[in-house]
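Listed in order, the protein sequences are those of chains A and B. Residue 1 is where the first sequence starts when you use our numbering, and the numbers rise one by one after that. Residue 559 is where the second sequence starts when you use our numbering, and the numbers rise one by one after that.
Careful: at least some of the hints might be erroneous.
[As the list claims (entries may be wrong)] Think about it this way: if two alpha-carbon atoms lie no more than 35 Å apart in a straight line, the pair counts; the simulated DSBU-like pairs of lysine-lysine are:
no., chain 1, residue 1, chain 2, residue 2
1, A, K174, B, K711
2, A, K376, B, K691
3, B, K916, B, K949
4, A, K179, B, K732
5, A, K391, A, K376
6, A, K153, B, K732
7, B, K1054, B, K833
8, B, K691, B, K916
9, B, K916, A, K258
[Claimed, not checked] Listed below are several chain B residues computed to face chain A (Cβ distance under 8 Å; list not exhaustive):
no., residue
10, P664
11, T668
12, V670
13, P673
14, Y676
15, E680
16, N697
17, M698
18, Q702
19, L725
20, V726
21, V740
22, M751
23, Q754
24, N771
[Stated by the list, open to error] DEER-style ranges, computed between Cβ atoms:
no., chain 1, residue 1, chain 2, residue 2, range
25, B, D1091, A, E458, 48 to 54 Å
26, A, G323, B, K929, 24 to 30 Å
27, B, Q1075, A, A393, 55 to 61 Å
28, A, T544, B, E733, 44 to 50 Å
29, A, E458, B, E961, 55 to 61 Å
The set of hints was computed from the structure by calculation and includes no laboratory data. Ideal Cβ positions, reconstructed from N, Cα and C, are used throughout, including at glycine.
Number of protein chains: 2
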Amino acid sequence: MGAARLPSLTILRSPSPVKPWACFSSSKSTPFLPQSLRSRPARRGRTCLSRSSSSGISTQSLTKDDKLHGDPPKPNLDGSVTPRSVDFNAWYLDVIAHAELADYGPVRGTMVIRPYGYAIWENIQDYLNVKFKETGHSNMYFPQFIPFSFIEKEASHVEGFSPELALVTIGGGKELEEKLVVRPTSETIVNHMFTQWIHSYRDLPLMINQWANVTRWEMRTKPFIRTLEFLWQEGHTAHATPEEAEEEALQMIDIYTKFANEVAAIPVVMGRKSKVETFAGASRTYTIEAMMGDRKALQAGTSHNLGQNFSRAFGTQFTDENGQRQHVWQTSWAISTRFIGGIIMTHGDDAGLMLPPKIAPVQVVIVPIWKTADEKAAVLESVSSIETTLKTAGIRVKVDDSEQRTPGWKFNFWEMKGVPLRMEVGPRDVAKRTVVTSRRDAPGKQGKEFGISMESAELVNHVRQRLDDIQAVLLERATAFRDSNIVDVTSYEELKAAIAEGKWARGPWSASDAEEQRVKEETGATIRCFPFDQPVGPKTCLMTSQPAAEVAIFAKSY
Amino acid sequence: MGAARLPSLTILRSPSPVKPWACFSSSKSTPFLPQSLRSRPARRGRTCLSRSSSSGISTQSLTKDDKLHGDPPKPNLDGSVTPRSVDFNAWYLDVIAHAELADYGPVRGTMVIRPYGYAIWENIQDYLNVKFKETGHSNMYFPQFIPFSFIEKEASHVEGFSPELALVTIGGGKELEEKLVVRPTSETIVNHMFTQWIHSYRDLPLMINQWANVTRWEMRTKPFIRTLEFLWQEGHTAHATPEEAEEEALQMIDIYTKFANEVAAIPVVMGRKSKVETFAGASRTYTIEAMMGDRKALQAGTSHNLGQNFSRAFGTQFTDENGQRQHVWQTSWAISTRFIGGIIMTHGDDAGLMLPPKIAPVQVVIVPIWKTADEKAAVLESVSSIETTLKTAGIRVKVDDSEQRTPGWKFNFWEMKGVPLRMEVGPRDVAKRTVVTSRRDAPGKQGKEFGISMESAELVNHVRQRLDDIQAVLLERATAFRDSNIVDVTSYEELKAAIAEGKWARGPWSASDAEEQRVKEETGATIRCFPFDQPVGPKTCLMTSQPAAEVAIFAKSY
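Using the sequences provided together with the hints, build the complete structure.
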């Protein structure tokens, strides 16, 4: 088996003609469920990373009997992805199924991340890993089994997480003396270990990160957005002073923001959570909030200043420069596979997925076109040489030279899969030593360019420029969409009207937690954040007409 | 927090003066336990990846009360690592503790992989990931919760794995209807999904890999070698023909062999497992066997030809080119964090860890030496410029400019941590524009070179050559050690004598499974493999004096 194998991406050539998730309700937003949230208010801070509010979520069913038997699958893409404009939720599930991003696992609420979806996650990892290391963090790994007693040590933490725990009670055929929690997050076990590693101020700051799976027993699941098990990175740091911890929490939300804007082309709003929405165990939670294509908010990443909440619960202390024992000041921060759901719902259109070039597993797909055997030989030779040229230039390229599909089928297929740039090479192109390119972000003739030279330097230059353009256009579009859907409000009536229209409402807020809860119950919207970017001048609370220091953004959310 | 933080490796400057694992018995090899093995024979094939035979393993205790309170830790490295020559097991645990490779988790048998240990794992991942992708495999992710009923579908698989399962029985506060297995390996859930993705021969081969955590409820644990939870990669492939599956299984064991030899400098023996030692569910298991410093064998990676065992149990079928339904032919293959234990136990010496340059998180440590403030400024300026030069050349370099430790302390510390090359820069070196280097593999004067020019090209060239030399020397040494400890035997008496001396015995074997079991019970040695590299000529079974097709290697093992 010396020769390279067919890349697994080629399995994508046989899209399933059934809709494996068609059994999912493609329901419109279901009513908000204040009771379930009220029962565990302190959890919502971290919810960004697996759940938060609960509108518009489908309940999962098993699809294990949806297998095909008999004939090889027939291409049946026309009409198989519900247009986004018709039913956003159905579109989302269709895109995930047809673009082969993910599939359901056999256990309710679990997800299999397929190669095309996982490759997006790898690109997220590659970017963030470099940033984490540049800022002095080291990767490591903590066990996923946590003694149940640990979870109980920090009061608001146990209140937030205990309803959603998966518990191991049997090991090696025996009932365990103490139940083990399958980690929902690792602050408790991290602190347990930090107490053993931190002795003096010279051991600080201690700054680590882990890439891991986490488990939260969600009742309502949705692929990528909220699953029983998901993948994430969780950073944990300990510092000698509260100022340093605050600086770190801000540094990390800033890294997430840059990642969202510059790589995922998602123009997030960076801000601080309200007290009600702060993570279970944090003193302050910073968040990045993204507007999805249906205008609902997605909490796409969070960074928590944990203060001394966990260090006091676990006794994580150090001896300072004066020989005094002090509790450390901590942070934690995370981004999860939920982010992939955010990418899909920000950029996709009726035709399917649309991926920003910097995050796309395939940046350029080359579709060779021929009729005769002679043409085929000449075209494939040119295509192979173009492929090498682009790969050498560091461009992620895929040649679809399968014989089972027509070029037209391939155009639709790779469009549905969101590949930013398509290159067509036919016999006449070969004769002229040129190619045709088509942009995913500009359908039809508009995004099509003819007569692009095959000459290496020119071709690479063309591709790079187009990819840069597409990256920029996606961010611009999402920014314009977001900005046109945020309404400045000065009263509760205006807020209600904005939310009823499906928009985000931004207005001055200094009212109580109870008032915040009332807005949630009456409108389905929560405070997404107090944005860092604040208008200048005096402000009056939209609810109480009292002076307000800041504006808050209210929205329905995933 | 704009400036880069201190890298977390600097926490390594404060090694704990206690031995956190001192509570572990540093026992000599304990008697072999044939009963426990006999109760689940079919499991042993995969055991390489978390356990296998069971001699010399300590039972874990909690060390959570070993925390230091009060004074900052004092350097106390002298004598703190038990010399390898005195007690191999105590040395191994000391090295892991003092080099800060890992620590115990709060749950019995679990392990925290610390940054220095995890960085070795990242280097393993970086190499293998490229090889896997080059050979056409895609990464993806399967859920870790598997319905209990899945495990029962393949007869020998359930027999092998059921004694070691961790079971989730409670989720979201409720007793679950079906217990969930926390994956011990993923063949069952992979097949469940493959049935949904594989329809025709055009969907084959399907070749995937995942990097994941797995759980096996081991009773006897040892850091890296055998832990309740460990990290690994598991590859899974499906093919249209048995020949292709066999070719794939061989291709992957070949990749593991090259990795072991060329990167980890571990001269493994590649071979086939006996029927008794084959993985629970495989038709054939290929293995790489490494000789540790105490001459015990470590199964360091395996590749299984699964035949149609799982595809028949799960109904994983495809329609072939003639329209006939066929079961697919499969493989699976894995390397785990156990490999890190193998690196430690292959190359370490009395002074501690010794890392092959290609796998070392730090390849060069620079120790600046000064007395006066003027000297300090000049030395650190030179060191900083050297650091930049080496980093730019892609060399992993660490400057230890801490003021709390003497240069002598630092020399010992980084030697214990196994850094391949040390560079010393003092005021006289700066004046002469030269540096001094010391090789980890050649202690004292022997490995020391003076007057190496600071000039960039010359310095980089010197460092590269020394690192290459060290890499080669480590492999040569381990190969010579291995070869001098394999005895060719022609009778059972000779085999027993070789094993009693602690060596590996290689001899012709065509006896029964029962005879193989007898050898195990009487000597503590198992058949590690039938090596691919076979002596030519006719052979007579060492046990039965019947003709034998192959020689087998017998050894005690981890």
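How the hints compare with the structure:
1. K174(A) with K711(B): holds, 22 Å
2. K376(A) with K691(B): Holds, at about 28 Å.
3. K916(B) with K949(B): holds, 15 Å
4. K179(A) with K732(B): holds, 14 Å
5. K391(A) with K376(A): holds, 22 Å
6. K153(A) with K732(B): The given pair, whose Cα atoms are some 22 Å apart, holds under the 35 Å limit.
7. K1054(B) with K833(B): holds, 22 Å
8. K691(B) with K916(B): Since the Cα atoms of K691(B) and K916(B) sit roughly 20 Å apart, the hinted pair holds (cutoff 35 Å).
9. K916(B) with K258(A): holds, 33 Å
10. P664: holds, 6 Å
11. T668: Nearest chain A Cβ about 4 Å off; hint holds.
12. V670: holds, 5 Å
13. P673: holds, 4 Å
14. Y676: Given a least distance of 5 Å, the restraint on Y676(B) holds.
15. E680: This interface hint holds because 7 Å falls under the 8 Å limit.
16. N697: holds, 5 Å
17. M698: Holds - the Cβ of M698(B) comes within 8 Å of chain A, reaching about 5 Å at its closest.
18. Q702: At 6 Å from the nearest chain A Cβ, Q702(B) passes the 8 Å test, so the hint holds.
19. L725: holds, 4 Å
20. V726: holds, 5 Å
21. V740: Given a least distance of 7 Å, the restraint on V740(B) holds.
22. M751: holds, 6 Å
23. Q754: holds, 5 Å
24. N771: OK, holds: N771(B) within 8 Å of chain A, min 6 Å.
25. D1091(B) with E458(A): 48 to 54 Å: Roughly 52 Å apart at Cβ, these two residues keep to the hinted range, so it holds.
26. G323(A) with K929(B): 24 to 30 Å: holds, 28 Å
27. Q1075(B) with A393(A): 55 to 61 Å: At roughly 59 Å between Cβ atoms, A393(A) and Q1075(B) fall inside 55 to 61 Å, so the hint holds.
28. T544(A) with E733(B): 44 to 50 Å: holds, 47 Å
29. E458(A) with E961(B): 55 to 61 Å: Check passed, 56 Å falls within 55 to 61 Å.
Consistency with the previously given hints is maintained throughout, with no hint failing.
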